[in-house]
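Which chain is which? The protein sequence lines are B and Z, in order. So the first sequence is residues 1 to 295, counted in UniProt numbering. So the second sequence is residues 1 to 317, counted in UniProt numbering.
Mixed in with the good hints, there may be bad ones.
What follows is a set of in silico ranges between Cβ atoms, one per label pair, in the way DEER data are often shown [what the hints assert, rightly or not]:
hint, chain 1, residue 1, chain 2, residue 2, range
1, Z, R255, B, D256, 46 to 52 angstroms
2, Z, T293, B, A269, 52 to 58 angstroms
3, B, D118, Z, S291, 38 to 44 angstroms
4, B, D118, Z, P84, 54 to 60 angstroms
5, B, T224, Z, M183, 37 to 43 angstroms
6, Z, P84, B, H42, 56 to 62 angstroms
7, B, E182, Z, F143, 54 to 60 angstroms
8, B, G12, Z, D253, 30 to 36 angstroms
Per the computed footprint, the stretches of chain B lying under chain Z, defined by three or more beta-carbons under 8 angstroms from a beta-carbon of chain Z, are [said to hold, decoys possible]:
hint, segment
9, 42-52
10, 97-105
FYI, nobody ran anything at the bench for these hints, they're computed from the structure. All C-beta atoms, glycine included, are put in the ideal place defined by N, C-alpha and C.
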Amino acid sequence: MPLAVAGMEVAGRSLVRSIAVYRRDESGQRLVAHCCGEGIFHLGEGAVGRAGAEGTPTIEREGDIATVAVPSMQGEVCRGVTTFRCDTGGDFRGACEVWRRNERGELGLAENLYAGLDRLEQITKYVKFPRRAGLPGRVWDDRFPRVLGALQDSKHFIRVAAARTEQLTSAVGIPFMGRPPELDAVLLLLNTKQTPIAKAMEVWARDLTTNQLRIVSADYGPYTALASVSRRLSLRHGEGLAGRVFRDSAPYATHDLLGKEFPRGDCFAEYGFEQGVGLPVFIGADLVASVNLYL
Amino acid sequence: MAESLSPTDRRYVEIYNLVKAYPNPYGEAVRVVDGFNLVLQKGEVVSVIGHSGCGKSTVLTMLAGLNEISGGNIAVAGREIAGPGPDRAVVFQSPCLLPWMTSLENVLLGVDRVYQHGTKRQRREIAEHYLAAVGLSDSFHKFPREMSGGMQQRVGIARAIALKPRVLLLDEPFGRLDSLTRMDLQDVILRILDRERITTMIITHDVDEAIYMSDRVCMMTSGPNARVGQVLDLPFERPRNRAAVLEHPMYYDLRGALVSFLEEQDHGGAKPKDPDTSNWDDTMHMVEAMSATHHEFPAYTLAEPTEAENQLIGSGA
Ligand SMILES: Nc1ncnc2c1ncn2[C@@H]1O[C@H](COP(=O)(O)OP(=O)(O)OP(=O)(O)O)[C@@H](O)[C@H]1O
Ligand SMILES: [Mg+2]
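Full structure from sequences and hints, please.
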């Protein structure tokens with residue numbers, strides 16, 4: 001049984017080597033490779049099955065390869081698991097952090113993957129975020145994911161000294177609920193300029209007046225043309241990556257940004273983006289957002 | 001889920017979602033402090049740093065029960081506070097001694113109130129004990145005007161600790177003192193805290209003092225709407241040894257984290273918004289809108305994915 005799963009290969013200079021998406025089958029007991037990845041995992045089996053059974057993000061290591069398994073839990077039901085196989089060796093740089101509540105009710109670092117970011121790793125051991133503090137504390141308080149760009153100048157990214165020395169560019173924080181209304185964990189993905197996890201990141205949610213999906217927070221780094229086409233974009237259920245996540249209430253990944261991401265497909269293609277993955281964010285039974293990563 | 005497992009006994013002081021609104025010159029309520037969360041464990045020393053005017057004293061005086069709370073709550077030993085109490089003692093920057101009383105009489109003033117059952121002699125012994133603990137064995141009978149600022153502050157500290165508080169609140173206690181006196185008094189307080197293990201909050205502008213004196217440093221963001229930016233756990237042992245702290249391999253990194261936090265907060269963050277920016281963040285508005293209309297959410301219909309999309313379109317396909 002493979003621990004680290006094969007998936008959609010990432011060709012560019014990314015910390016992520018491959019992505020795989022698993023969705024629950026009719027039995028409710030198994031996770032089956034969806035649009036990428038291979039194999040079938042019973043709940044509790046392997047990194048994928050464990051994330052699905054425990055309902056919380058996990059990071060497992062095998063030498064220089066670390067697998068971040070991100071479950072999508074609608075209440076107690078696992079709708080899917082997305083894995084990111086990351087290369088922490090060589091000159092790869094980037095970080096994934098899982099923050100959990102400690103005995104004081106603050107968030108402390110529980111699991112991590114640091115590639116080449118020693119300063120950040122060192123200082124973060126000592127850092128705690130009470131509710132509302134820092135990006136993890138805000139995500140907790142909002143119960144809503146958030147993308148922060150320009151980390152080196154951001155007032156909201158508190159570990160700014162580390163952000164500068166390590167040349168961090170952007171981050172996304174994703175909440176994971178335990179038994180509502182309690183937060184279980186916040187997953188933070190931290191991008192560097194050299195080998196970002198994702199070249200662009202977005203949080204999509206339903207606009208309450210139009211009932212269409214739109215982007216609430218986003219970062220496109222140097223890909224500014226993408227920012228301007230995305231700023232005013234709205235999608236219906238079923239359209240684009242976000243629309244498919246909302247339609248299925250499950251994670252979704254694609255190699256076909258050109259076909260799936262009308263009208264931005266051209267722009268993605270011109271910039272050489274090759275794949276996108278959308279992670280649903282549930283608060284209890286409610287699907288509140290889709291976190292989209294483009295690589 | 002940590003919360004259901006964790007015994008609350010270790011959470012000695014719990015500050016939850018604390019808000020303080022003061023009226024501005026136009027009579028509008030401005031939330032100076034907005035959603036401040038912090039837990040102190042028993043016996044722990046926490047320093048609070050942040051820029052001038054961010055609301056540090058406001059938080060401390062609310063915890064002391066001297067300043068009304070506009071929102072949220074504060075509990076000490078599992079009980080919500082309602083006004084000041086003998087369980088919490090405060091030392092401000094200037095000690096406010098009564099000028100017509102000697103140092104001993106100034107300390108006795110509080111001791112007499114708190115130890116009403118003790119004999120006169122016992123109360124006097126307590127006062128003398130704490131004056132000696134702050135290094136004033138020779139000055140029991142001096143009046144404030146005969147003492148330096150540092151000595152007066154020692155009296156202030158003795159007066160607070162003689163009350164046997166469960167929580168000690170120090171608001172820039174060394175702010176007016178020269179650096180040598182300051183270091184002396186830091187050690188005086190640390191020695192007392194090593195013996196008495198009083199849960200302590202100390203406000204300071206001095207990053208090195210924060211690192212030397214405390215178990216944790218709470219960094220406050222700049223106001224209005226100030227809150228905790230982050231908490232830094234310090235890896236130094238007690239009793240504290242100045243040289244050991246300075247030589248610790250993490251000292252400069254921790255110090256750097258505090259300094260750059262303050263520098264960044266200083267910039268105010270109000271950078272002009274570039275219309276061509278490649279990042280944006282409307283989360284706040286979205287979250288507000290969602291919480292306002294949450295109950296009107298139509299339920300999602302869970303459609304099944306189309307056949308084509310279930311096909312593998314990954315690496316091999
Ligand atoms: N009674 C009051 N009425 C109106 N505004 C007040 C009052 N007390 C304090 N403020 C305002 O609240 C803010 C926070 O004040 P506070 O004294 O708590 O700050 P601080 O962090 O202790 O500053 P410093 O480091 O200078 O002591 C300041 O802007 C101050 O002007
Ligand atoms: Mg003050």
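Against the structure, the hints come out as follows:
1. R255(Z) - D256(B): 46 to 52 angstroms: holds, 50 angstroms
2. T293(Z) - A269(B): 52 to 58 angstroms: violated, 37 angstroms
3. D118(B) - S291(Z): 38 to 44 angstroms: holds, 40 angstroms
4. D118(B) - P84(Z): 54 to 60 angstroms: With Cβ atoms ~47 angstroms apart, the hint is violated.
5. T224(B) - M183(Z): 37 to 43 angstroms: Given about 53 angstroms between the Cβ atoms, the range is violated.
6. P84(Z) - H42(B): 56 to 62 angstroms: Distance hint for P84(Z), H42(B) holds at roughly 60 angstroms.
7. E182(B) - F143(Z): 54 to 60 angstroms: At 57 angstroms between Cβs, range holds.
8. G12(B) - D253(Z): 30 to 36 angstroms: holds, 32 angstroms
9. 42-52: violated (count 0)
10. 97-105: holds (count 6)
Hints 2, 4, 5, 9, counting from the list given before, are not met by this structure.
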